[in-house]
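K.L.:
Taken in sequence, the protein lines are chains A and B. Quick note, the first sequence lines up with residues 0 to 282 if you use numbering that gives the first Met the number 0. Quick note, the second sequence lines up with residues 0 to 282 if you use numbering that gives the first Met the number 0.
Everything labelled a hint here was simulated from the structure, so no lab data went into it. Since the model is a prediction, treat every value here as computed from it, not as a measurement. Glycine included, each C-beta is placed from N, C-alpha and C at the ideal position. Where hints are given, some of them may not hold.
Unchecked claim - Short derived list, chain A residues pointing at chain B, Cβ under 7 Å:
(1) 8
(2) 10
(3) 11
(4) 15
(5) 58
(6) 62
(7) 66
(8) 67
(9) 257
(10) 260
(11) 262
What the hints assert, rightly or not - The following residues of chain A were derived to be distant from chain B, with all beta-carbon distances above 12 Å:
(12) 7
(13) 21
(14) 26
(15) 90
(16) 246
(17) 266
2 protein chains.
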Amino acid sequence: MTLELVSSTKAFDGVQQRYRHFSETLDCTMHFAIFLPPMAERMDREPQLPALYWLSGLTCTDENFSQKAGAQRMAAELGIALVIPDTSPRGEQVADDENYDLGQGAGFYLNATRDPWQHHYRMYDYVLEELPALVEQQFPLNGRRAIAGHSMGGHGALVLGLRNPDRFSSISAFSPICNPSDCPWGEKAFSSYLGTKREEWEAYDASRLIEGATEHLPILISQGDDDEFLQRELKPQVLQAAAEAADYPVKIEHHAGYDHSYYFIATFIEQHLRFHADFLLKP
Amino acid sequence: MTLELVSSTKAFDGVQQRYRHFSETLDCTMHFAIFLPPMAERMDREPQLPALYWLSGLTCTDENFSQKAGAQRMAAELGIALVIPDTSPRGEQVADDENYDLGQGAGFYLNATRDPWQHHYRMYDYVLEELPALVEQQFPLNGRRAIAGHSMGGHGALVLGLRNPDRFSSISAFSPICNPSDCPWGEKAFSSYLGTKREEWEAYDASRLIEGATEHLPILISQGDDDEFLQRELKPQVLQAAAEAADYPVKIEHHAGYDHSYYFIATFIEQHLRFHADFLLKP
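Go ahead and model the full structure; you've got the sequences and the hints to work with.
P.N.:
This is the structure in structure tokens:
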């Protein structure tokens, strides 16, 4: 596994880096970003860092969260690394679609089973297996992981976390697509990537997965009330009802006046990082 | 003066807005951004807000600082409005150049005196007169102003502040062009906008202006030691020497490892906002 450093920038006394590597899982060249908090003081007593994996939304790359969320400040203070993958496989040889909500930039954190998608579109395996193995080999990470994301990435964080409670300490999401089996974005993506048998969609639908969850990870969800996608695409009320039926405690916070943008994320990212820190840094 | 609201987004319990208006000074349509901190608690005792004017660097619009600096968090906490103009006049009828460092996106915060620039390129007057008059009429601002900026905008902040100590309480700059009369960016811009008589450049050169300053505003400058433009374009040592010769106290802080990017700004913007708050909020 060869990592090529694309850029390295000091930030908050830590370092924000961007890397390129060839992903075996996705069979294409990928970029990801990582923020490493200042290590100097930590090296004596605890050289190994926990990591928060951040999954971005439709049309994003690793750069949106890196540049707009302001997460590095608290990550530096708390001593948490940030690992920020791209949102889909990339490249000229990778299947794409002219719309923003399918194909490149819209991987939906699943393993596709239909052509022309199934060869490259395996973001579920990439984020769950290949990327953590890579960064935990290359950087001073201790294998403690939390997962978070925004919109499509919030869906990804919930799905990956709910299906793999042994791999993550905690889950959080901003404005997640909570019930992709029953919203336009999700139905379009799932029918293309997974085919039209709806029972095969359930493995990627947080509102279905939460019903069968046996282990309960801490979950925090932040949702703006002025989010233009709230009713049509996000549907946190469906997840909330499913969680209550399953007796799974999920903290869903509604914030008056906030929309779907990175300004919303920037406002509450400190809260999310502190939430994850409680579990990531627990002795 | 008609203001057209382009966007309005809640952030840190305040509001980040973008406006379009026709500028008489620049004779073109301009965009600017404003962040208004939460007012609810302040309304009883002090409804009027001081403002920090932020001037951005080459190639930027109002959006770079708005989205990448993370300044709204501290501005909200301190109760300071942020006023963020564009970096030049804009539009098809406005003279331009194919290079990034001249023409649109590169106004250098001066009043041009040469064709084809002199008709529209009057950013000095726009930032000093028209924009404050406009925003102080339209928003709950109290007329207390500080000025700050980055790179070309750091030059602008120093020049506007040094020439108008009655208009600003304090000046700060990240990685400013300190001696534009003697660096490639500045010489190219000044010879184009102002002509080749170098004595006419002095009114826009902080290192010359500081020599003649009779009133001493507080000045804070932050400079990264790994800034790729440090030696060739920025030259803080020239400003420092001129300030020392003039007995003008200027705080220039050098930060090891930091570069010219917005990650550097994001890291130290809290310090700059607290610096300005000491003067903007003084009874």
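K.L.:
For which of the previously enumerated hints does the structure constitute a violation, in increasing order of number?
P.N.:
Numbers 5, 6, 12 and 17, in rising order.
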